[in-house]
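> Each chain is listed here by its residues.
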Amino acid sequence: MKRILGHTLWAAVSVAAAFALGSLALNRGEPINSLWLVVAAVCTYLIGFRFYAKFIAAKVMVLDNDRATPAERLRNGHDFEPTNKWILFGHHFAAIAGPGPLVGPVLAAQFGYLPGTLWIIIGAVLGGCVQDFIILFCSMRRDGKSLGQMAREEIGKVGGITALLTVLAIIIILLAVIALVVVNALKGSPWGTFTIAATMPIAVFMGLYLRYWRPGKVLEVSLIGFALVVLSIFGGQAVSQSATLAPIFTLSGVALALSVIIYGFFASALPVWLLLAPRDYLSTFVKLGVVFMLAVGIVLVRPQLELPAFSRFTDGTGPIFAGKIFPFCFITIACGAISGFHSLISSGTTPKMIGKEWHAWPVGYGSMALESFVAIMAMIAACALQPGVYFAVNSPAGVVGATHEAAVSTITAWGFPVTVQDMTTLAADVGEHDLFHRTGGAPSLALGMAHIFARTGGGRAILGFWYHFAIMFEALFILTIIDAGTRVGRFMLQDLLGHVWKPLGRTSWIPGVILTSAAIVLAWGYFLYQGVVDPLGGINSLWPLFGIANQLLAAVALCLATTVLVKMHGARYMWITCTPLAWLVTVTFTAGYQKIFSPVPRVGFLAQAAELSASGVADAATRALIFNARLDAVVCAVFLVLVATILVDSIRVWAGILRGTREARITETPFVLSRLRPEEI
Amino acid sequence: MRLIRKAARLLVALLRELGDENAYRRHLAAHHRTHSREEWQKFSQERLRWKFVHPKCC
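Protein chains in written order, with my numbering: chain A, 1 to 681; chain B, 1001 to 1058.
Treat the hints as calculated values from the structure; they're not laboratory data. Idealized CB from N, CA, C, for every residue including glycine. Careful, some of the hints might be misleading.
Said to hold, decoys possible - DSS-like mimics (lysine-lysine), calculated; alpha carbons at most 25 Å apart, straight line:
id, chain 1, residue 1, chain 2, residue 2
1, A, 217, B, 1042
2, A, 217, B, 1006
3, A, 85, B, 1051
4, A, 217, B, 1051
Said to hold, decoys possible - One side only, chain B facing chain A, incomplete, derived with CB under 8 Å:
id, residue
5, 1016
6, 1026
7, 1027
8, 1055
9, 1057
10, 1058
Isolated chain B (complex conformation):
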């Protein structure tokens, strides 16, 4: 049971990492800011600019 719970936690963490939600949390923590629409937009703009200069794999 503990193993299943651990696997589920890992899966959610992976999905949050893939969805940039973890990166956003880290961004808020690193800059001592709270969540807001403007903050997300600022983070997202920077994150996506960085993300989409790399080619995606075939």
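Extracted from the complex, chain A is given alone in its bound form:
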């Protein structure tokens, strides 16, 4: 009876998924309710989790709860500790959820809601969740080793060094692009700038409180910190209305970029407990809370999707970033569908905390499915905006025109009516002076979220509070990633330079710390500055570069996963990782090739440089733009070469094993019987 009930339930879930996906795909011309997206996504994740992931767990990985995990064997009460699977699920989700799944879908919404939504759902179920799950499994069977260590051991030395260089390069581009998102969100906004500036003394206060006054009371101090941050949002409103203070906190893009660069340097060199750690605690709690609030808000409000299923920009002429759906939709949305960065988390903290092998199933596959759902929510928030407003906020002045009149005329001519009055009223409602040309995705996401939150209660009267709450939420954890990322980049650089000159490798040698911190900050700071002064808005060049880099790291992770599967089962289950790998290689190499060589100046870096050279203008700014475009082309080429290297190296290993000319040596730790009692986890 139970069996029949189970079959009936799963049949109902399958029918609901098929019906919702069909409704999304076939509906044209009429606004569609966002609940269709929610049903399509949730039902597809459930089917993927119950059937595909369970098949991988049982038949491919052959998970065994009798086998002791590293958490049990190497238990030290610190990093190796068997943890309850649902707590670990939340822990892993908090670690993988960053700004990517929020910003990427907002930018990709320029194609309409359908391409991005389908990629988020299908990409996650067949690619992203599988990648996270298998890398977690590989690391769990290898004492919690990192991606780089595993690549070196399973593929070879070349693979290991290439993985390390790829990660360092990606960190630099990642920090630049997310810093650009913050700069664009705060540009000319005294309210937002004050709120974010206030989080720094608040974090320092929390650090001191935790270290000297109430040691160990992290939840207590985080609650106090959250209350202070909410107060600072109200303070920001007062600042924006003050004739004296408002000009002080009204900063240009360049001034904000310099502030973030200087901040990044000091934050990476300061003691971690003072600024970084307390803000990291706070941003993690706020992040989980806001994601939950957004999910509840969407279910309560059920907004209509105002953007069409496909917009006119599928032809590659989009104002936010140039390029056709294939390949650019698939690199713009990385984190919500498949993200190489997750493989670093899946081979970092999480494998050291898994109590039983089967817990990897919900933790590895399930957490990524939830992250994918966050991307769906971001897509809903963006598509719930009036299309004219969405494009007015996200389009750079270089594309739609510098004046408000020119911008609304261009956007209305595209078929998305909007007036200067609409934008002025909206800006006044959210307490901003101007919402035109606020590229980067964060302001439009904040607008979408604010509308959803305001409709659950409070209405237009508190739209300004919710808008700045959303901006604070985005900026808070982006800044945490910037200072943590700069620190990690510094450690990696010190690790590399230590081979050249030993003192540079010592993390306690102050001149070495300052030098390497400055080198990392200057590296991402240069790309950030380049994005800020770019007349096309910066996102047009930097976000695709970041997307390519992130997806290439996913290709590295899938190469490793395929190598492990080939060593375990020969060619039998290669398709599981080779299918997403083949897709990613096709997408990223096509995107990379187009970003370098496309003859369209808004797409191809070299064509952009050539157009600027041919314009005859030879001032310093133009020369800098030409240099930047060529530099971006070189960076893109370096990414492609790095991944081609690891791909060729991996294929060589697979061919050797399948032909029998190479030993399929598995580096798993030997079986040890688990003695962990259920009540311990």
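Since the structure of chain A is provided, determine the placement of chain B on it from the hints.
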């Protein structure tokens, strides 16, 4: 009601895990020590040094 209580307990446990409070308790138990400012500082220094050598996800 029992389910709600269980969910609330799980949520608090998750928040304590994310806030390193559980790890601190384990540290005290493993080393047979009692809570003090110095002990927290020692634990926190080691924990944070380990925590912030890993990149945070995008």
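> Decide, hint by hint, whether the structure agrees.
Going through the hints against the structure:
For the hint linking residue 217 of chain A to residue 1042 of chain B, the alpha-carbon distance of about 15 Å falls within 25 Å, and the restraint holds. Among the hinted pairs, residue 217 of chain A with residue 1006 of chain B is consistent with the structure: their alpha-carbon atoms are about 23 Å apart, no more than 25 Å. The suggested pairing of residue 85 of chain A with residue 1051 of chain B holds, with an alpha-carbon distance near 20 Å, which does not exceed 25 Å. Of the pairs offered as hints, the one joining residue 217 of chain A and residue 1051 of chain B holds, with about 18 Å between alpha carbons and a cut-off of 25 Å not exceeded.
Of the supplied interface hints, the one on residue 1016 of chain B holds, with its beta-carbon coming within about 7 Å of a beta-carbon of chain A, less than 8 Å. For residue 1026 of chain B, the interface hint holds, since its Cβ comes within 8 Å of a Cβ in chain A; the closest pair sits about 4 Å apart. The interface hint given for residue 1027 of chain B holds, since its Cβ lies 6 Å from the closest Cβ of chain A, which is under the 8 Å cut-off. A least Cβ separation of about 4 Å between residue 1055 of chain B and chain A falls short of the 8 Å threshold, and the interface hint therefore holds.
Using the Cβ-Cβ criterion of 8 Å, the hint placing residue 1057 of chain B at the interface with chain A is satisfied: the shortest such distance is roughly 5 Å. This hint holds: residue 1058 of chain B has a C-beta 4 Å from the nearest C-beta of chain A, less than the 8 Å allowed.
Violated hints for the displayed structure: none, as all numbered hints are satisfied.
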